[in-house]
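Enquirer: So the chains spell out like this:
Number of protein chains: 2
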Amino acid sequence: MGVSRRDMLTGAIAIGATAMVPSAAPARVRNNDGIERWGMFELELAGPARGNPIDDVTFAATFTCDGDRLTIPGFHDGDGVYRVRFSPPRIGVWQWHTHSNVEALDARTGSFRCTPPGPDNHGPVRVTEDGYHFAYADGTPFRQIGTTSYSWALQSDALCAETLATLSKAPFNKIRMCLLPPVAEVAPIAANPFVKTGPGPRDWDPTRPDPAYFRRFEQWIERLGALGIEADVILYTPYDQARGFADMRRADDERYLRYVAARFGAYRNVWWSMANEYDGVKSKSMADWDHLFQTLQAADPHDRLRSIHQRNVYYDYRKPWITHASIQNGSAVLNDARAQPHRNFAQKAVIFDEVMYEGDSSKRWGQLTGEEMVERFWWGLIAGTYVGHSETYQRHSWLGEGGKMIGSSVSRLAFLRRILETAPVPGIEPIETWYEFHLGGKPFDYYLRYFGDARPTEWPLILPGRAEDPKNRFRADVIDTWNMTITPVEGTFTMAQRDHYTHHDPSRPTIALPGKPWIAVRLTRV
Amino acid sequence: MGVSRRDMLTGAIAIGATAMVPSAAPARVRNNDGIERWGMFELELAGPARGNPIDDVTFAATFTCDGDRLTIPGFHDGDGVYRVRFSPPRIGVWQWHTHSNVEALDARTGSFRCTPPGPDNHGPVRVTEDGYHFAYADGTPFRQIGTTSYSWALQSDALCAETLATLSKAPFNKIRMCLLPPVAEVAPIAANPFVKTGPGPRDWDPTRPDPAYFRRFEQWIERLGALGIEADVILYTPYDQARGFADMRRADDERYLRYVAARFGAYRNVWWSMANEYDGVKSKSMADWDHLFQTLQAADPHDRLRSIHQRNVYYDYRKPWITHASIQNGSAVLNDARAQPHRNFAQKAVIFDEVMYEGDSSKRWGQLTGEEMVERFWWGLIAGTYVGHSETYQRHSWLGEGGKMIGSSVSRLAFLRRILETAPVPGIEPIETWYEFHLGGKPFDYYLRYFGDARPTEWPLILPGRAEDPKNRFRADVIDTWNMTITPVEGTFTMAQRDHYTHHDPSRPTIALPGKPWIAVRLTRV
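Going down the list, the sequences are from chains X and Y.
This note's numbering numbers the first residue of the first sequence as 1 and each following residue consecutively.
This note's numbering numbers the first residue of the second sequence as 1001 and each following residue consecutively.
Chain X extracted, bound-state conformation (with noise of 0.2 Å):
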């Protein structure tokens, strides 16, 4: 057995970590460091490798800090090696004993040093007290500006290494990917994520998954989480008819979920996606998915982040379990007051995780051009929202494996993540889009309007306000979103009562603006 550190985002040294072990099984300690707050400390123990040992085999630690508590489940690694994952909430020392229904496994205890989390450690993203926005666990912002690449994790080394190499020079903090095989047709390396039992699709053992697929595809999490990068893992998917990874028994669904939160659960940067295009899966209803979400929740004592992502019908995303929507929707992003009312109706944190996709694909989902991606995720901003990319272009699909971008949207998708470091906190709200005000921002002290692919040469400086509201002053930079470039506006802006509704400034009524498209003016508070 051993006590093994693993600093996964930040290589830290941290030092303190002890291990206790009362018992006579074989004694092995890999590291004693301390662990960072929201690292990873992990337990290995020997027990059976006979029978089925996730089945037969209960295995969990409590882990114990002054009044902090929490019993974390383990998993079988293979051949008799039992682990159980930690990230410490909070600094200070930890005891942990656990429990087993085998003797080799049960009651052993021990402590660690948590130690300050290193300088590129924030924590894992939570939703904002507000309900509608993120942010890591010290308070930092987290401004949503994710990309999907369903497969890329699943394919050789050197692929994986080169999508991750275009992740490190791209702004996307969150990428979605799919942990079972998706699509027959993009044969992965890693395509067995059960042990095989025969040569058809249909020949694997659900209550057997390979420990070999999930640490390869937990190497991938944790490269991501180096990079800044949170892994938005996607439980389920409809696309694999023939080998059915989605048609499992409840009881084998419940063991693949618990395995799931065990393994990856303490990784910081993971969140949980149930499905992608959960209403794709004919084999089960919306009370199966709730109890699935509710069979995670009570598994994930970490309590990652969890949605589901729809083709067609809306999941219900103010059930208790969901901490944020994943919306598909090819045009709720073309216009702020398209996208505002998701946020009234899920009452959480809005991310529109698939609007359609940058390429030349011949399919009408996959044929938007730079343009038309990076004008989404305005829309998106503006509207108190958060918005997904991806492209498929027919000579390259970073959307089904990974590898190169090579569309026009990514640069501009990391210009308007510089932007975004200077904005408010939490985030930007939606103002007043009942009226076609078409700003977002936080009331009179920082205002985006957009435009969109409208060529106006000149912007009425006009603001919802009344009498009893601030009347602030306020300098103007023109964005051109396309080309990257801020242009300040000489002087400032005084706002003055306009009518009952409305402030401007009477002596300068009115912003020019070059005519061309893609076009938003920032204003900030003076």
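These are computed hints drawn from the structure, not numbers from a lab.
Honestly, I wouldn't trust all of these hints.
[To be verified] Derived BS3-like pairs: lysine-lysine, alpha-carbon spacing no greater than 27 Å straight-line:
hint : chain 1 : residue 1 : chain 2 : residue 2
1    : Y       : K1348     : X       : K363
2    : X       : K348      : Y       : K1319
3    : Y       : K1363     : X       : K471
4    : Y       : K1319     : X       : K319
5    : Y       : K1471     : Y       : K1348
6    : X       : K348      : Y       : K1348
7    : X       : K442      : Y       : K1471
8    : Y       : K1196     : Y       : K1282
9    : X       : K282      : Y       : K1442
Could you slot chain Y onto chain X? The hints should help.
Expert: Positioned in the frame of chain X, the structure of chain Y alone reads:
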């Protein structure tokens, strides 16, 4: 005691009602005719008038007809008169017997014959099986064209008569109306739903609803029914904070809802709107509203339609006691792609009951032109949703008191209603809103293309359709929704495959349009 026949909506004569009165109480049979299906049977019994008859006396009657069995709560109509009102859902002989904790009201029995409905009696409105539209119980489509007049029913008899006369010539088949006085500034004739206990605004006894107040209100429900108009009865509002009708204690709320359900529920044209702008009521939580819905649902065996209207926070329309979404949104019906996601979130029929109003109000929510009011109905229509009208001019507010309508949208809504008379059943469905077709209808059978305020001079007639879909022949009409003209286009259009996703007629790829705003095109399969 007696059995009275209320033939509220048809005036048809029915025969066969009998009353068997086994007890020694004075018996009186007011009508012994039959009762139409979906009409109203009313049983009247004498009981105790002292104490608080609402809280101290239980009273209900069970009605049976072959296998059907319904227990209908009764109510005290003042002065010791107790009534049970029952709207029989099927034809046949209905047996009834009463239950009470008071001997004079208990164990009475009788029967009546339920006869076929008259020609104008289509039964109550229900949501259609597909979930997104409405129909009367006999299957006749109900295509909602709503209006709102909050306090009309609380005005003088003369003004109420004027309102009814106005409605008799108007296109509206549903009206939203407050049961309790909503606003102090509009001094109604009917101001005291509960018995006053002193001169102050809060001096009223929530345990004692005034029967005269509710009796007056129900005559307007009945008169609306005779006009074929559904009464969308608003049970709470946040507006009158002086009198605080929305701030009752839970037991008082329950009593009020039970009283109203027993009293009004047998009118087949009643809908329940739990509140207008529920989220403006500061004394009630979401859990309170949920509880009130459950109370109402249990108290209303007639199971009338139930919804609730919001100011900012959309109620969760997926909750099981909600039959349809009732939404306030000032910009959702300015485009079908804005409106359609509301269906997807609610997974139920959607009525945009408040979309701002036609008028010249100083308030910006009452400044729509007639054109803008009508435009909202058309966008809502092709999104598969329904819309509500009202108008509030400075010289006369239909919205507040009823009376006359002076706006310009009404005649255009009548024109719209006539168009809907030949539209598909159960209703207009949205068609591929992701791809900006701006079409509603029934695929391959009937289409409405709406252009809003655009002024196209031609329309490339391109319809969604794949190779395997039927390629039909259509005739076309150009509809001027404002000038109320329907201009047939000569000849027909025979669809052929255009590309992977669309059909067109290669010999006639476009339809000429007049270059004016508010144009629609109707395609009808030949």
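Enquirer: Confirm or reject each hint.
Expert: Going through the hints against the structure:
| no. | hint | in the structure |
| --- | --- | --- |
| 1 | Y:K1348 / X:K363 | violated (30 Å) |
| 2 | X:K348 / Y:K1319 | holds (17 Å) |
| 3 | Y:K1363 / X:K471 | holds (21 Å) |
| 4 | Y:K1319 / X:K319 | holds (11 Å) |
| 5 | Y:K1471 / Y:K1348 | violated (31 Å) |
| 6 | X:K348 / Y:K1348 | holds (21 Å) |
| 7 | X:K442 / Y:K1471 | violated (52 Å) |
| 8 | Y:K1196 / Y:K1282 | holds (24 Å) |
| 9 | X:K282 / Y:K1442 | holds (25 Å) |
Checked against the numbered hints listed earlier, the structure breaks hints 1, 5 and 7; every other hint is satisfied.
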